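**Student:** These are the residues of each chain, in order.
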Amino acid sequence: NAGVMQNPRHLVRRRGQEARLRCSPMKGHSHVYWYRQLPEEGLKFMVYLQKENIIDESGMPKERFSAEFPKEGPSILRIQQVVRGDSAAYFCASSPQSGEYGEQYFGPGTRLTVT
Amino acid sequence: AQTVTQSQPEMSVQEAETVTLSCTYDTSESDYYLFWYKQPPSRQMILVIRQEAYKQQNATENRFSVNFQKAAKSFSLKISDSQLGDAAMYFCASQYSGGGADGLTFGKGTHLIIQP
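Protein chains in written order, with my numbering: chain A, 1 to 115; chain B, 1 to 116.
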């Protein structure tokens with residue numbers, strides 16, 4: 001059973017470009033979470049999605065950031081018009097639909113560098 | 001809102017010795033979960049141990065155990081017989097368990113160094 005997949009692992013964007021980060025949850029998992037880790041910091045929750053629904057986006061910046069988890073395909077975290085402050089590691093985690101609380105399995109992360 | 005505080009930015013221990021990492025948290029919820037995650041240089045987040053707040057018994061996973069003091073809102077991690085492979089960042093995290101699976105709230109982490 002493959003783990004949570006994220007791609008790309010490294011992404012370099014110039015200021016003003018768009019960044020698209022992809023997350024494929026573990027097989028059978030229908031809950032996806034996105035987290036951001038700034039240098040020397042812990043992970044910060046951004047958004048929680050189920051298939052075709054955003055459940056909690058309380059940690060998402062109000063502008064330029066969006067997330068989706070379509071019926072088919074991976075979850076996408078999209079950052080428009082990136083700025084240097086968006087440089088960070090972005091982690092995706094998934095959990096099963098009927099699993100106990102806390103069973104979040106993390107992907108390897110995408111390191112975004114904005115130049 | 002939940003907050004998690006790790007007051008030790010860095011800890012060092014001799015191989016085979018025991019080390020304790022501190023964590024305190026603040027929540028107004030009565031039902032929640034607590035976790036310790038390990039992040040080695042590969043940056044992969046690995047679950048080390050979890051504790052349900054309603055359980056009084058401290059969780060144990062092989063060489064890893066916790067000291068959960070609910071009244072004091074303290075959740076420390078003890079690593080026995082430290083090994084070189086234990087070197088990593090360790091993050092304490094909490095999760096409110098009401099109303100649907102919520103995001104985790106992480107502390108800033110403790111960098112654990114293992115001296116050979």
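In case anyone wonders, no lab produced these hints; they're calculated from the structure.
Note that this is a predicted model, so its numbers are computed, not measured.
A virtual CB, placed ideally from N, CA and C, is assigned to each residue, including glycine.
Among these hints, one or two may not hold up.
To be verified - Distance ranges between label pairs, derived from CB positions: (1) A:73 x B:78: 34 to 44 Å; (2) B:11 x A:71: 39 to 49 Å; (3) B:30 x A:10: 19 to 29 Å; (4) B:69 x A:40: 41 to 51 Å; (5) A:18 x B:57: 45 to 55 Å; (6) A:51 x B:85: 13 to 23 Å; (7) B:115 x A:61: 23 to 33 Å.
**Student:** Provide an ascending list of the numbers of those earlier hints which the structure does not satisfy.
**Tutor:** As far as the earlier hints go, 3, 4, 6, 7 are violated by this structure, in ascending order.
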